[in-house]
Each structure stands twice: as structure tokens, then as C-alpha cells.
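Top line first, the protein sequences correspond to chains A and B.
Note that the first sequence ends on residue 259 in UniProt numbering; no numbers are left out.
Note that the second sequence ends on residue 259 in UniProt numbering; no numbers are left out.
What the hints contain is simulated information worked out from the structure, not anything from laboratory work.
Just so you know, these numbers come straight off a predicted model, no measurement behind them.
Careful, some of the hints might be misleading.
Note that the list lumps identical chains together, so a pair holds whenever it fits in one copy or between two copies.
Under the rule of at most 25 Å between Cα atoms (straight-line distance), these lysine to aspartate or glutamate pairs were calculated in the DMTMM-like manner [to be verified]: (1) K250 x E185; (2) K126 x D95; (3) K174 x D124; (4) K131 x D66; (5) K250 x D151; (6) K135 x D118; (7) K131 x D214; (8) K111 x D95; (9) K115 x D194; (10) K43 x D68; (11) K127 x D17; (12) K111 x E185; (13) K174 x D66; (14) K135 x D95; (15) K212 x D195; (16) K2 x D68; (17) K30 x D151; (18) K212 x D60; (19) K152 x E32; (20) K138 x D66; (21) K57 x D118; (22) K152 x D17; (23) K152 x D219.
There are 2 protein chains.
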Amino acid sequence: MKEKLSIVKIGGNVIEDQEALNAFLKHFSKLEGHKVLVHGGGKRATHIASRLGVESKMIDGRRITDADTLEVITMVYGGLVNKNIVAKLQALHVDAIGLTGADINSILSVKRPVKAIDYGFVGDVKKVNYKSINKLIKANFTPVFCAITHDKNGQLFNTNADTIASELAIGLSKLYTVELYYCFEKNGVLMSVDDDNSVIDYMDSGTYQVLKHDGVFHDGMLPKLENCYHAIEQGVSRVFIGNPTVISNKEQKFTTLFL
Amino acid sequence: MKEKLSIVKIGGNVIEDQEALNAFLKHFSKLEGHKVLVHGGGKRATHIASRLGVESKMIDGRRITDADTLEVITMVYGGLVNKNIVAKLQALHVDAIGLTGADINSILSVKRPVKAIDYGFVGDVKKVNYKSINKLIKANFTPVFCAITHDKNGQLFNTNADTIASELAIGLSKLYTVELYYCFEKNGVLMSVDDDNSVIDYMDSGTYQVLKHDGVFHDGMLPKLENCYHAIEQGVSRVFIGNPTVISNKEQKFTTLFL
């Protein structure tokens, strides 16, 4: 019987609001057993880029990461956001350790190939070094990953935090029974995007295919769900989607995805 | 018989020059046995602070760390500089892991008391958690520390990198025979500050006291040497002072300090 491991991904909205972040970290600190945190950086990077005179280029809502933008992301995600979360978790008696994918070569990526759009220094995850990460977990440290990976040739990459969370979950499911949490501003996956009370409680992959075919899910949710079912198909036990309190309070509404 | 551990501190001049940094990291990668790297951030932080419109306040050559400056330092030291060094070391087959003193609660500080000068968010090292750091070393990871510590109450501190290196050396000398390297732009400790060829080869603590009394050492070198002999008195085996090539090439000039 494998031990349980929880992997929790929080989005930009939680990180930008200090009060929301503190509340979330308190919930996270109470989550029992081995755990891993994954965070994005969101608008904080855009804000600091603009103060530095670095233009934030977006195409179809996706950031183009030129060399200057990568510097800002490395500063903001890898430094400012990550190290403040680590310090806050230490104050909550969680023995946190902040990581990029370059640290202990934990997440290896390849530069996204240039097709219609050149995304710049964006990495697509190729390999999760779950054995090295497990050395930290076995030492009772709590890894805190930001959305940066590397190519093992000295190049850092901006990488989607949802993908990092799901790839970590897939990798570590070889050693643990992994439960993956996606925390965001909604209470779960909605049947109707305008109705916050229309949370879907349980959804297996068959139901997902039908609802997807029926056009229930909007553009922002669709890649998230694809990510989740990809993880489930690759061995992740359960995926929970909901607001940040879901990790310690299972009495409220949230969505559970399974095979 | 204890195993050998090398702790290497590099200064701002090496970090600011990409070519010098790459050359140093190549030397560092060839250093055999367990090792730890400590780096400052130097003028890079001042430069980015000025681009962000954050004023760099200095009193007697020492930086005053207000809240905005601490943010810049966390971004630049903890993110930009640290993570790029980690990525470069990974390319050189060193399994590096970037840390602040908050990560795994490795270095605990107290805020420097306000006397004549209020240094702001500057930490004086109180405790090195050498047992936690040793878990990383035993896993064959190479810790890379930037000049940031914390108070275990969620507060990060700007902390002198020379002090971090010597306190790490003292802490880890309980488990290892520690050799401490201070790499900077000179070839060693000079008898005459204007003569680069006047490198002192060997200096025990008795000789140091005499030369110090005679006023041989200038203002910048004196606190460095005090740091070094403090470390030696607390159990560090040897301290080497010289240019960055000293760590892999002992045929050139450099200074060795011992008890």
C-alpha cells in the first residue's frame, strides 16, 4: 500500500492577495501527510515588468517570454513569491523548501518549438525527476515549486504551473497514492459558467467526454480539465478542483475528478 | 576521521561579470568531494532597484534595507542570481539546489538591533541548522546559498554573505573537516594594499594579531579576517583567500589562514 501524497496548485489570484495567501497557507499547513505546493506568479510579474520598463507581450492570452521577461519571471516567481511563501510556511511549522525545476534537476523541459507563434523561453515538460524529489519528501521537507523549469544546459524556462502540478503528480504517483488539488477562485467545475452554484460534484472521464462534446466547458476550463484527466489516466488517484479551503474542509462544494 | 567539505564564497565582482562567473563555476564544478556555494548579489541589486525607482540607501558603505529594498534583494539574490547559478551548475553536472536561510529553516537570524544606525531588515545569524543542511549534502546535492536568512516568523532578512559562509562553515564543522574559501578580485591578503604581489602565504592567528596591531589591514579586509579567525577558532580547519581559481589550482598565490 503506497503512502498518500497531496500536491496542491494555487493560482495567481490567491498569490496577489496577501490575506487570501495567508489564509490558504494556514489551510495548507494543516493538510496531513506528505505534500507539495505549486504556485504561479500571475499579475505580480506583469506589474514588476512594467515598473522595469519590460513590455509584457501576450498572444491569445498567453505570455510571450523574451529574455527580459524571463529575467522578471525568475526574479518574481523564483525569488519574491517563492521565498516569501517558504518563509510564511516555516512560520506555520511546515519545513518548506523552494524549488525551480533547475534545483536538483527536478523538472526537465524542452523549449517549445516555434510554429505559428514563437513563445520564446517557454518550456514543455519532458521529465520529472521523481526520485530526486522523493529524497526531499523522505527527509520530511515540503517542496514548494514555482513555474520555472530548465533544459540542463543552463537555460531556464517559463512553464505553465498547471502542467507542472500535473506532471509532478504523474511522476510521484509511481511512489505514492497522489491526490492533486487545483485551487482557484471558483468552488469547482461549473455546469453553467454564470452560475456559481452549479458545481459538478463528481465527474469520471466518461462523463467528462460527454459534457465536453456538449460544449459545457469554456475556453479557460478546458485545458485545465484536459491536464487533469491526462494526470488521472497516467496514475494520479484523484483530482480535486475548488477554492483554496477545499484542501482542509471537505464539507463545502468542490469537484472530484476520477477515472 | 571526518569527511572533507568545501564551502566557497564568491563576491559581487564575480557575479556581475558573466564570463568570470562561468569560469568560476567551471572551477567549482571540478572541486572534488562535498561542497557548498555561497554568493552575494552585489551591484546587480542596486541596478535593478534603481530601474524600479527604489532608492539604495547606504551609510558608511553598508546598505540600509527598507521593505522595498528587501523585495528587490529577494528577487535578485534569491531569484535571478541564485537560480541562474543553479541552472549553470546543473549544466556542469553539479546537482545544485538553491537556498535562502528560510528554506528547510537552514539559517535563523534576528533582526539587527537599532543602535546609532537602523539597518532595517538586516539579520544577524543566530543559528545554522546544520543537521537539515546535511540531509541535502548526504543526498549528494550541492547547496547554493544566497545572502538571505529569516526569523522563523515569516520575515526574510538581508544578511552579509561573508558571515553566512563562516557560520555555515562553523555549523558544518561539527560533521565535516571544513575548508572555507573566500574568492574575490585579489590574489590573497596583502601586506601592502597597493602591491598586488605582496600576498601573505600563511598566517596563523598569532601572526594575525601582531599584524592587525601594526595596522597592516585596511577597513575592507579587517571584518573579513575577523570573520575568518572567528570561524577557525570555532572549528573550521582552514580558510583560503584568493581569486576564484584558487579552488582548483593551488599552484598560484593565495593566503591560507589557520589557528
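Find the hints from earlier in the document that the structure breaks and name them by number, from lowest to highest. 4, 5, 6, 7, 9, 11, 12, 13, 16, 20 and 23
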